[in-house]
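Visitor: Residue-level listing of the chains:
There are 4 protein chains.
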Amino acid sequence: MVKAGIIGATGYTGAELVRILSRHPQVELVALTSRSYAGEDMAAVYPALTGYTGLPCADLTPEEVLKRVEVVFIALPHGHAVPVAARALEKGVRVIDLGADLRFREAKTYEEWYKVPHGNPELAARAVYGLPEIHRKAIRQARVVANPGCYPTSVILGLAPLLKAGYIDPATIIVDAKSGVSGAGREAKVTSLFVECNENINPYGVAGHRHTPEIEQELSALAGMEVKVSFTPHLLPISRGILSTMYATLARPATEAELRQVYQDFYAGEPFIYLLPPGRWPHTRWVYGSNNCHINLAVDGRTGRVVVASAIDNLTKGASGQAVQNFNLMCGFPETMALAAPGLCP
Amino acid sequence: MVKAGIIGATGYTGAELVRILSRHPQVELVALTSRSYAGEDMAAVYPALTGYTGLPCADLTPEEVLKRVEVVFIALPHGHAVPVAARALEKGVRVIDLGADLRFREAKTYEEWYKVPHGNPELAARAVYGLPEIHRKAIRQARVVANPGCYPTSVILGLAPLLKAGYIDPATIIVDAKSGVSGAGREAKVTSLFVECNENINPYGVAGHRHTPEIEQELSALAGMEVKVSFTPHLLPISRGILSTMYATLARPATEAELRQVYQDFYAGEPFIYLLPPGRWPHTRWVYGSNNCHINLAVDGRTGRVVVASAIDNLTKGASGQAVQNFNLMCGFPETMALAAPGLCP
Amino acid sequence: MVKAGIIGATGYTGAELVRILSRHPQVELVALTSRSYAGEDMAAVYPALTGYTGLPCADLTPEEVLKRVEVVFIALPHGHAVPVAARALEKGVRVIDLGADLRFREAKTYEEWYKVPHGNPELAARAVYGLPEIHRKAIRQARVVANPGCYPTSVILGLAPLLKAGYIDPATIIVDAKSGVSGAGREAKVTSLFVECNENINPYGVAGHRHTPEIEQELSALAGMEVKVSFTPHLLPISRGILSTMYATLARPATEAELRQVYQDFYAGEPFIYLLPPGRWPHTRWVYGSNNCHINLAVDGRTGRVVVASAIDNLTKGASGQAVQNFNLMCGFPETMALAAPGLCP
Amino acid sequence: MVKAGIIGATGYTGAELVRILSRHPQVELVALTSRSYAGEDMAAVYPALTGYTGLPCADLTPEEVLKRVEVVFIALPHGHAVPVAARALEKGVRVIDLGADLRFREAKTYEEWYKVPHGNPELAARAVYGLPEIHRKAIRQARVVANPGCYPTSVILGLAPLLKAGYIDPATIIVDAKSGVSGAGREAKVTSLFVECNENINPYGVAGHRHTPEIEQELSALAGMEVKVSFTPHLLPISRGILSTMYATLARPATEAELRQVYQDFYAGEPFIYLLPPGRWPHTRWVYGSNNCHINLAVDGRTGRVVVASAIDNLTKGASGQAVQNFNLMCGFPETMALAAPGLCP
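Chains as they are written, first to last, in UniProt numbering: chain Y, 1 to 346; chain U, 1 to 346; chain L, 1 to 346; chain X, 1 to 346.
Treat the hints with caution; some may be incorrect.
Note that the list lumps identical chains together, so a pair holds whenever it fits in one copy or between two copies.
Said to hold, decoys possible - Listed below are the simulated BS3-like cross-link pairs for lysine-lysine, each with C-alpha atoms no more than 30 Å apart in a straight line:
no. : residue 1 : residue 2
1   : Lys108    : Lys3
2   : Lys164    : Lys228
3   : Lys189    : Lys115
Don't read these hints as lab results, they were simulated from the structure.
For reference, chain Y alone in the conformation it holds in the complex (with noise of 0.2 Å):
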């Protein structure tokens, strides 16, 4: 059993660790913090956990958190999570960061994007970026990994293949994507309300989201030049959930079953990402509340263009199953241990 705690555990994403970790066979969770909650147990703020967690909620400091665990997982806001993982480290714990301040091997695009100081460039530098069908080796043998956003994942994994294989144009990439509200957090705000969001979509962050330079940065490693990208999210009526539609010029000509192949050969073996058969295109609802990705994708003939599509869950795979997966390959454990489930459709 490893111990472990989760720093910032009643937001959404901590809760989710909180509802997977709550049945790992291999975890035992000995710490959840939270400053607004402190207190209360966990499932007085989450009832659906009523019966599967006793933990309460204590405003416990980084460093109380540290001397009791093997692993912590940071669920805090970006600007927090640089401190407390360098003491970590310096402490021998296991870092797994949900938030946005280690995702960068350049602190200065973090800086750019976020404007906020980073305070700590070498520790940008050494974190892993936590997408293990890209990283996995590297993953393994981390001491802090920086859990991908939930967009990024979802493009990241519906681009791969095309772009280390050179079928597309780096320069022609548009991704189209769509979130449910739960990205937003559990923050009250006018913007997050039921009535502001329910029968509604529209863009937001046009042109200048911060997850684009987080896609960036990894589809230029794949493609072994600089990309940029054109990133459009939209706010969706629903909790869970990420489509990314993504576009993009064929490099050369190429058939769709050719295409298909280039997935098939990049995703063998992954257990959680799955290329759909032909003309079955991803619904987000096949992978609620599951750690799946689900893809697939289309050429279009007429335009030159190949159209691929993915669906996660942005608080499973785009979060909190993503996190639990990188655990997983940090302690040695099966990759799926407390994640192998289906969506729960309908």
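Starting from the structure of chain Y, add chains U, L and X where the hints point.
Guide: Chains U, L and X in isolation, oriented as in the chain Y frame:
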């Protein structure tokens, strides 16, 4: 490993059975029958199951299924299960019927409300009503279990402790129930269309819903006298979930604390039933996708009534999860096998 | 043209007032007050109004508003309307208060349930309860109208004919009501977040909701005796709409046809109240965005009870539409002016 | 008063026509045809219309309808309108066809994408494409108007100013569109069920949707050259609304301010088209139930692209509202008659 089959696998309760059983460590699914989707993979009909079942749907006769299995789940519209169950009994195959055909001890009650001949009153009398919290011992011995209806499950669990202990006047029970749309099944009909259900609530089957006599049969047995209830179901714009709000006049003065103790005693040791703390009212999303039932109550001193609310997932505890719970009991497995999980919330 | 102002214009009922009044042929909106959005255009706060109002929100004092207007709509949280209404009265400005402060003839009832001092019992006694179907004559003469609560509107309209005619036992009334989330207002709080409300239903305020005494005041007046009700509201994942399902024991045997006639007589000539044909139960979406109220009923011979259901849009007939209806009556305009429209369905 | 009839009145676009026309001061609705609901009142099929229309649905032949009316709205599935429109023309009855049959100047384009013979290429060539913002003059003179598709309306309105002014490279246009479920019509099919659409988004018709050639016909005319687009529609869990997000590479450098001016000039005086202020992106709920179209754009300096988003209600501006707008133009009424209203929001 127990070989199991599902007759009528492609409705929502069938799919939910596959979802749960695909991860049951003691079950080997060997037959899924469907007329509409014969020849298609179950994962083609429900792509959420991609990677979790490779079994195709087939238009098998009951006889063909019974040859292959030790336990059969019947998930057919009412009116079709009786001959299958009778034949299974002859062949030594255990039966769990998710329909209404075997829920009534008196076949004529069934005939009166469902307007079809029953065909086997003896079998009706012999089948066990599969609500484990009330009939666990009988279920353990049963060859044929009639899995309860979704509404009755929520209502009986909500009222059983009070009726059994004689705290409420059985002549005053009013049940106002609300269900998600999956309760209407996967049949293509206008009233189940998204646009017809969305942004809406409406009552239906007022003073005549077929779950009324089922509720009354079980409440009468608990009360030791004939009970009649006013039961009004409503259709809600959610996929899964039933909330039943129940009203009754106290037969004798009682404090809320006293009644809470009655529930705690009645459900002591139950793995799926949770009386929530005072003031925390059940939310259907807290049991979403789980086999749990959340209950709470209040005494209204002004009117001398008690108000009880219970929440379940209609497809899980209200159908397929409960069916697997019954299966576990019948086979001697731990009752929670493949079922122990918190609701998917957030 | 009547000059009108709205104090508290940027909540949902304020916005609904602007939506309706922006097309009222006899109204000139001259003042919209808001603290949070002072200086912003109303169309910036509610972009649906783009092109339909050019009025900015301003942090005006009540005194400044009263100088400019002939009628003032007050859409403030409870506890703030009394001094404004008193001052308006002095200045000869007519008042329609959408809050609870003036709904009770007895100020002490208000104080008991709302836990704040009232401050002007005389004004409480003098204000007219603005349910036109019950108090039309008084409203026509009124200087101060207390616009009814959303739940009370649906409940009183649903039960008035039966209580007035003595068909039901007033001691047996149970009201199970369901409301869309806009009823909770636009305040940023966790319980109103999309993710907290979506795919969910829950009861709240059980045996203690503040609309209870308001319902009881009006039902008691109709029955000619003190009436106490069990009232349980529920929160639904819809933006607009209230459905109230009401149960009562018949005081004397009656056929459904007889009761239908009672409703038809009671509501003869009413422009917004529709008793639907037998078997067609109210759906909230059928009154979506409209000032209409749909009602139906059934007699349950088995239990001797009558079941009544009524549906309104909580923001329209349950708040701002009814406020405009009252405005029309007070000003001598046709009662349906700016309000005659079917629900937005599909 | 103009006598009007609707052929195919009980689909969603038919019902929306009745909703709007029931309050049109210059229209007398005299015929509603339906096969499925012949003999039933329109208000029985759509109870929201209770009190707003007393007209029954009848299984009338087109000839019977044409005898009674001056204008006929055809709301049939594609493939049925051509002979009706031809006959109406002979009889001097004006036609507004809400289907696809007459939208293509070249009948063979229709035949290629819709896989049915057209039957009257001459009529195809003669019908006017009913997008008033582009073809207002021709609509005023037209005897037969082909009402645009819902997606094409949103896309053409979104891109017309840029294409007309030559600001974008027509070879680079990508349209990612999202629609509510009412766009799929009222046909009872599994893919339109609540449970299949709720908590979900999915692409469909990728690289092959039938609205593609309609979009291309109009964009080509605006650009003065052949335009091909990548068009991907998605299905959203909302009842009403289309959001189209459009991407194109700038043909020459331009500031956002410059492009905004292009839109303002292009749409100067338009009663339903609103370019929102910088940074305020269209939300479908802001146009809910209205005939308005909200547009905004951003220049992405990093990629040299412009991103445009447009929102309409698919049943109103995307179908029946636009049909009434065309009707008003054809009859010489004010263009906004019965259509001037803000979206129903909140």
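Visitor: Now look at each hint and say whether the structure bears it out.
Guide: Hints and how they fare:
Neither within a single protomer nor between protomers do Lys108 and Lys3 lie at most 30 Å apart by alpha-carbon distance, with minima of 34 Å and 57 Å respectively. Taking the shortest alpha-carbon separations for Lys164 and Lys228, both the intra-copy value of 15 Å and the inter-copy value of 28 Å come in at or below 30 Å. For a Cα distance limit of 30 Å, the shortest separation of Lys189 from Lys115 qualifies both inside one copy, at 21 Å, and across copies, at 27 Å.
Checked against the numbered hints listed earlier, the structure breaks hint 1 alone; every other hint is satisfied.
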